[in-house]
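2 protein chains.
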Amino acid sequence: MTMQEAMMNEHPPVRTDADELVQGIEKGDVRALARSISLLENESPRALAILSALYRYVGRAYRIGITGPPGAGKSTLLNKLVMEIRKEHHAVGILAVDPSSPFTGGALLGDRIRMNDSVQDGHVYMRSMATRGSLGGLARTTAQAADLLDAFGKDYVVVETVGVGQIELDVASAVDTTIVVLVPESGGSIQAMKAGIMEIADILVINKADRPGAGELEDEILQILEMKPRDERPTPVLLVSAREGKGIEALWAAIKHHREMLAAEGIRELRRKSQIRSAITNHVLERTRSFIERNEEMGRMVESLSLEVLENRCDPFRAASLILKKLGIS
Amino acid sequence: MTMQEAMMNEHPPVRTDADELVQGIEKGDVRALARSISLLENESPRALAILSALYRYVGRAYRIGITGPPGAGKSTLLNKLVMEIRKEHHAVGILAVDPSSPFTGGALLGDRIRMNDSVQDGHVYMRSMATRGSLGGLARTTAQAADLLDAFGKDYVVVETVGVGQIELDVASAVDTTIVVLVPESGGSIQAMKAGIMEIADILVINKADRPGAGELEDEILQILEMKPRDERPTPVLLVSAREGKGIEALWAAIKHHREMLAAEGIRELRRKSQIRSAITNHVLERTRSFIERNEEMGRMVESLSLEVLENRCDPFRAASLILKKLGIS
Numbered sequence: 001m002t003m004q005e006a007m008m009n010e011h012p013p014v015r016t017d018a019d020e021l022v023q024g025i026e027k028g029d030v031r032a033l034a035r036s037i038s039l040l041e042n043e044s045p046r047a048l049a050i051l052s053a054l055y056r057y058v059g060r061a062y063r064i065g066i067t068g069p070p071g072a073g074k075s076t077l078l079n080k081l082v083m084e085i086r087k088e089h090h091a092v093g094i095l096a097v098d099p100s101s102p103f104t105g106g107a108l109l110g111d112r113i114r115m116n117d118s119v120q121d122g123h124v125y126m127r128s129m130a131t132r133g134s135l136g137g138l139a140r141t142t143a144q145a146a147d148l149l150d151a152f153g154k155d156y157v158v159v160e161t162v163g164v165g166q167i168e169l170d171v172a173s174a175v176d177t178t179i180v181v182l183v184p185e186s187g188g189s190i191q192a193m194k195a196g197i198m199e200i201a202d203i204l205v206i207n208k209a210d211r212p213g214a215g216e217l218e219d220e221i222l223q224i225l226e227m228k229p230r231d232e233r234p235t236p237v238l239l240v241s242a243r244e245g246k247g248i249e250a251l252w253a254a255i256k257h258h259r260e261m262l263a264a265e266g267i268r269e270l271r272r273k274s275q276i277r278s279a280i281t282n283h284v285l286e287r288t289r290s291f292i293e294r295n296e297e298m299g300r301m302v303e304s305l306s307l308e309v310l311e312n313r314c315d316p317f318r319a320a321s322l323i324l325k326k327l328g329i330s
Numbered sequence: 001m002t003m004q005e006a007m008m009n010e011h012p013p014v015r016t017d018a019d020e021l022v023q024g025i026e027k028g029d030v031r032a033l034a035r036s037i038s039l040l041e042n043e044s045p046r047a048l049a050i051l052s053a054l055y056r057y058v059g060r061a062y063r064i065g066i067t068g069p070p071g072a073g074k075s076t077l078l079n080k081l082v083m084e085i086r087k088e089h090h091a092v093g094i095l096a097v098d099p100s101s102p103f104t105g106g107a108l109l110g111d112r113i114r115m116n117d118s119v120q121d122g123h124v125y126m127r128s129m130a131t132r133g134s135l136g137g138l139a140r141t142t143a144q145a146a147d148l149l150d151a152f153g154k155d156y157v158v159v160e161t162v163g164v165g166q167i168e169l170d171v172a173s174a175v176d177t178t179i180v181v182l183v184p185e186s187g188g189s190i191q192a193m194k195a196g197i198m199e200i201a202d203i204l205v206i207n208k209a210d211r212p213g214a215g216e217l218e219d220e221i222l223q224i225l226e227m228k229p230r231d232e233r234p235t236p237v238l239l240v241s242a243r244e245g246k247g248i249e250a251l252w253a254a255i256k257h258h259r260e261m262l263a264a265e266g267i268r269e270l271r272r273k274s275q276i277r278s279a280i281t282n283h284v285l286e287r288t289r290s291f292i293e294r295n296e297e298m299g300r301m302v303e304s305l306s307l308e309v310l311e312n313r314c315d316p317f318r319a320a321s322l323i324l325k326k327l328g329i330s
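Top line first, the protein sequences correspond to chains A and B. For the first sequence, this note's numbering gives the first residue as 1, with consecutive numbering after it. For the second sequence, this note's numbering gives the first residue as 1, with consecutive numbering after it.
There may be inaccurate statements among the hints.
Repeated chains share a single entry, so a pair holds when one copy, or any two copies, can fit it.
[As the list claims (entries may be wrong)] Each computed SDA-like pair below joins lysine to any residue, with the alpha-carbon atoms no more than 25 Å apart:
1) K273 to L285
2) K326 to E297
3) K27 to E311
4) K273 to H257
5) K325 to R300
6) K325 to E286
7) K273 to L324
8) K273 to M301
9) K27 to D17
10) K325 to A49
11) K273 to L310
12) K246 to K256
13) K87 to K256
14) K326 to R294
15) K325 to R289
16) K273 to S304
17) K87 to G247
18) K325 to S290
If you're looking for bench data, these hints aren't it; they were derived computationally from the structure.
Throw the hints in and build the complete structure from the sequences for me.
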């Protein structure tokens, strides 16, 4: 994304029609893609219209997640991995998810820090994702942005998340292969378990593997992984030095191997179906929420019930039952 | 919580009736409280019945959140703060939120690490919280557990969260005073902004303030805080050495001062009303979700629509519209 594009994302100069953006994306116009993702971030209803129109192209791109604690060298690893993918001439979309402040626009900061020339060519699109609208929508928006990149024609979509929170778990459930990156400094097994990301790893990378402690970390990880049930497939643990480019080919090979396994066992289709089921249900709930918030009669009802709860004349559960009854759901 | 209690939480020896637990909590029985929170964690319908019956006692306890990056000394600070609160003979409930693995039971690990004898007396109840059921429910379960502690008669409920994720933002919106703890080692301003927690801080604590770099961190924080709009109240920044007990009295004074301001400006009641509104809406959506998932006819509809989407004959948004139409919501 150029600076100019970034500014246009922030302040769209014209109110572009959803149909125009759909046609733009169909023609491969990167600016239409960028604006559509901005609309998603802003939770604009137009974004869903665009996604709906393009959904028939969704399902082809292979999705890779990269997560791990801050300082694990994820961005460097991402750059090198994308260069490796580019050797095979695949088109790549990158989403760098920034779960930081919804108030100060963490994504712009993220853009500045994470942008790296090495991955910027005509076939690579990189974008930082942050919450601008409601809290809690980031994982959903990211999954939808991945759908857009998929529809745009990217062969691979790589989603990078920072941190150890809920968002990583949610993103992991929306990608095909999840790579967890740890470094010798990220400490012992307790740290890794607390990160809560050992179980979501399809591939474990020990980055900065030339540093002291890499062997010990590997031993600890292997010990933890032994606790996995026997019938589950073993998680590969790879020693990588992303900065020196060591181990990147092996990582790419491991991703492709994982992809083949998922395909052979029919798991990818099962996962995709369950992702679609979640997407449908979540969308139903989202629209139910906005119905409750925007419908005048419902608004009055919620308001008066809230007051009753505040005055201890009702409780939220009874209030919810009354609303569900009104909605006709029981 | 004793080891015995912990075991009973894990494997309740008898299937206690919700009414019995309600009566137990009304009588001040800590075991009834512990079991009810376990039911909440397990997302048992009985837990909501208990909370519903006790809701008329909710709204009295003052809620304090403590958050910050791992290694910031939050547990030590929490212990010292609770000792300070105990000097005034208030009853305290503590919830240590562990957003780690929903698979390996991070809470038990958390218990072992965080438990500290100094805060264990008859008037202090401490409990670790982790997700056992669905992902994403941790913030809601924590808010409900705080309600239970409130109904139980605790004067203060302190919620400790680890990390820099969404959960901190969600928890912050459910407490009255949010304390963000940073340490000189947590690095410069970018790190702090990325943590995304500067904006949610009602009080900022620089812990381990005897270490080198504390002054620089204070300067950076004050610079960032200057970007706050002028009409917002200034965020106090306190230098603390929790281990040595330095600055704890000032922190307690700052909390009480913040509480007085919230009361004087009527903000606490406004916040509480908005929390109640969210609780009602979320409960409506949760029950709508379970209706969609459990109702046979709805289940068949979602299943067949998912298949249509998978085969690119429909998209999730159109599918959602059809379901909303069936539900009678539009």
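Hints and how they fare:
1. Within a single copy, K273 and L285 get their C-alpha atoms as close as 18 Å, and across copies as close as 22 Å, so both meet the 25 Å cut-off.
2. For a Cα distance limit of 25 Å, the shortest separation of K326 from E297 qualifies both inside one copy, at 10 Å, and across copies, at 20 Å.
3. Taking the shortest alpha-carbon separations for K27 and E311, only the inter-copy value of 23 Å comes in at or below 25 Å, while the best intra-copy value is 58 Å.
4. Within a single copy, K273 and H257 get their C-alpha atoms as close as 22 Å, which meets the 25 Å cut-off; across copies the closest is 53 Å, which misses it.
5. For the identical chains of this complex, K325 and R300 are neighbours both inside a copy (15 Å) and across copies (23 Å), given an alpha-carbon limit of 25 Å.
6. Taking identical chains as interchangeable, the C-alpha atoms of K325 and E286 lie at most 25 Å apart whether they share a chain (19 Å) or sit on different chains (14 Å).
7. When the C-alpha separation of K273 and L324 is checked against a cutoff of 25 Å, the pair qualifies only between copies, where the shortest distance is 20 Å, while the shortest distance within a copy is 29 Å.
8. Taking identical chains as interchangeable, the C-alpha atoms of K273 and M301 lie at most 25 Å apart only when they sit on different chains, with a minimum of 14 Å there against 37 Å within one chain.
9. With identical chains, the CA atoms of K27 and D17 are at most 25 Å apart within one copy only, with a shortest distance of 15 Å there and 63 Å across copies.
10. Only between protomers do K325 and A49 lie at most 25 Å apart by alpha-carbon distance; the minimum there is 18 Å, versus 31 Å within a single protomer.
11. Proximity of K273 and L310 under a CA criterion of 25 Å is satisfied inter-copy only: 6 Å between copies versus 42 Å inside one chain copy.
12. Taking the shortest Cα distances, K246 and K256 sit within 25 Å of each other inside one copy (18 Å), while across copies they are farther apart (55 Å).
13. In the homo-oligomer, the alpha carbons of K87 and K256 lie at most 25 Å apart inside one protomer (14 Å), although the nearest pairing across protomers, at 61 Å, exceeds that limit.
14. For the identical chains of this complex, K326 and R294 are neighbours both inside a copy (15 Å) and across copies (20 Å), given an alpha-carbon limit of 25 Å.
15. Taking the shortest Cα distances, K325 and R289 sit within 25 Å of each other both inside one copy (15 Å) and across copies (15 Å).
16. In this homomeric assembly, K273 and S304 come within 25 Å of each other (Cα to Cα) only across copies, at 11 Å, whereas the closest approach inside a single copy is 41 Å.
17. Taking CA atoms no more than 25 Å apart as the test, K87 paired with G247 passes inside one copy only; the shortest distance there is 15 Å, against 57 Å between copies.
18. For a Cα distance limit of 25 Å, the shortest separation of K325 from S290 qualifies both inside one copy, at 18 Å, and across copies, at 15 Å.
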